[in-house]
Amino acid sequence: MELYKDRNASDAIIRKIFEFSKDLGEIKLCHVCGTHEHVITHYGIRAMLPENVQVVSGPGCPVCVTTQGEIEAAVKVAEKGAIVTTYGDMIRVPSKRSLSDAKASGLDIRLVYSINDSINLAISNPNKKIVHFAIGFETTCPTTAVAVLNSPDNFYVLSAHRVVPPAMDLLLSSGKINLSGFIDPGHVSTIIGTKPYGHISKKFHVPQVICGFEPNDILMGIYLLLKQIKERRAEVENEYVRGVRAEGNTKAQKLMEKVFEPCDIRWRGFPVIPGSGLSLKSEFSNKDAYKEFNIEIEDIPEEKGCSCPEVLRAEKIPRECPLFGNICTPQSPKGPCMVSREGACYISFKYEKSFR
Amino acid sequence: MCLAVPGKVIEIKDSVGIVDFNGVKREVRLELVDVKVGDYVIVHTGFAIEKMDEKEALESLEIWKELLKVQEDF
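In order, the protein sequences belong to chains A and B. The first sequence: position 54 = 54 (this note's numbering), numbered continuously. The second sequence: position 64 = 64 (this note's numbering), numbered continuously.
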């Protein structure tokens, strides 16, 4: 593992990056993973890059892209008497009614580390209905599939799962940003492998590199992207070979296919993205909280003034938001990107304060 | 959210394993992988999502060397 953090190796890759980017003009690379944003900002990778190479953050934070309508659905489920569980930062995301406000008003909303904790809660509370508000990308979806297949009757799932490639496709289709390449998410790719990204490279002629999570993984990914751009190639390469097989985790894929089917869903900052959501198949309707509690996702308009939608669409960086760092801070967040540990605004506030 | 941490499987009982994360031991569900005691896994929200492949990692190292042609730095 040391190699992936080794400073001499970093210097060698950075030299290559400077060499390859010299005649390339303005290069804008986009990642779609909150953990990548953390690594890039934490290690100051942007400051190591040539002036013409920019790395921007896309819709890579599942907490941030979950809509107010879905949060409202979770609150309604709690109002109907269920114990609602969810992952960390989701609780604090501002919304029409946030989960933390709902919790403060007396509803039973609990934080869990793993969906396994929710199952244990269902086992120890046989007379209560336990609903897991399941957010997350492909990395997390298989864990929910396992839970749907192996849990007591009083355990339900409120699925807010999403898959990443359709959002990448939409980013480029919108024509609003000119991207030169994608740093593809490492642990999403651990599950799905390299294939689901292929059509994006073909359709838009953009190179992609799946990257790991150490600083030299990112630098190596940037180098491989620049090399592709220079050689006018547009392929999906895998830098994170120690964690991603070309075919992905087929066991996990089969479980996902068994339990979920694609659905059209809106993302915070985006319109409805066809086929980007995952809902439970009808044969698992006895586990589907939307059906059990007869709840539909409301269409709630986004707050005005907050630039999270533009940040999630890679059209703005956090510091370009008028609320950043003054009205909107991690202590008093106005948008989801300032709440989540994987949100671009939170990360920028934490590590780049001096730039404010 | 997609944060995942590598660790070593030190015990397996049915579909649950004990994984050692540099001295911190935790229960991890193993339904998504085929592993044996001694394997390294990547763990996300209490589930092992992949076996870490040492051979692949070493080959990756070779790729690095070849790409950079700066073997002396390694």
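No lab work stands behind these hints, which were simulated from the structure alone. Every residue gets a Cβ at the ideal spot worked out from N, C-alpha and C, and that includes glycine. Among the hints, a few may not be true.
Cross-link-like lysine-lysine pairs, in silico, DSS-like; alpha carbons within 25 Å at most [unchecked claim]:
1) Lys65(B) to Lys230(A)
2) Lys195(A) to Lys51(B)
3) Lys129(A) to Lys227(A)
4) Lys28(A) to Lys176(A)
5) Lys258(A) to Lys28(A)
6) Lys281(A) to Lys128(A)
7) Lys8(B) to Lys5(A)
8) Lys258(A) to Lys230(A)
9) Lys13(B) to Lys195(A)
10) Lys5(A) to Lys55(B)
11) Lys65(B) to Lys251(A)
12) Lys13(B) to Lys254(A)
13) Lys251(A) to Lys51(B)
14) Lys251(A) to Lys13(B)
15) Lys254(A) to Lys36(B)
16) Lys51(B) to Lys5(A)
17) Lys254(A) to Lys65(B)
18) Lys13(B) to Lys5(A)
19) Lys227(A) to Lys51(B)
20) Lys8(B) to Lys251(A)
21) Lys22(A) to Lys65(B)
22) Lys51(B) to Lys254(A)
23) Lys258(A) to Lys51(B)
Sample of chain B residues at the chain A side, in silico, Cβ under 10 Å [to be verified]:
24) Cys2
25) Glu11
26) Asp20
Hint check:
no. : hint                   : in the structure
1   : Lys65(B) to Lys230(A)  : 20 Å, holds
2   : Lys195(A) to Lys51(B)  : 20 Å, holds
3   : Lys129(A) to Lys227(A) : 54 Å, violated
4   : Lys28(A) to Lys176(A)  : 13 Å, holds
5   : Lys258(A) to Lys28(A)  : 38 Å, violated
6   : Lys281(A) to Lys128(A) : 24 Å, holds
7   : Lys8(B) to Lys5(A)     : 21 Å, holds
8   : Lys258(A) to Lys230(A) : 42 Å, violated
9   : Lys13(B) to Lys195(A)  : 34 Å, violated
10  : Lys5(A) to Lys55(B)    : 19 Å, holds
11  : Lys65(B) to Lys251(A)  : 32 Å, violated
12  : Lys13(B) to Lys254(A)  : 23 Å, holds
13  : Lys251(A) to Lys51(B)  : 12 Å, holds
14  : Lys251(A) to Lys13(B)  : 19 Å, holds
15  : Lys254(A) to Lys36(B)  : 21 Å, holds
16  : Lys51(B) to Lys5(A)    : 21 Å, holds
17  : Lys254(A) to Lys65(B)  : 36 Å, violated
18  : Lys13(B) to Lys5(A)    : 35 Å, violated
19  : Lys227(A) to Lys51(B)  : 30 Å, violated
20  : Lys8(B) to Lys251(A)   : 20 Å, holds
21  : Lys22(A) to Lys65(B)   : 22 Å, holds
22  : Lys51(B) to Lys254(A)  : 17 Å, holds
23  : Lys258(A) to Lys51(B)  : 22 Å, holds
24  : Cys2                   : 4 Å, holds
25  : Glu11                  : 17 Å, violated
26  : Asp20                  : 15 Å, violated
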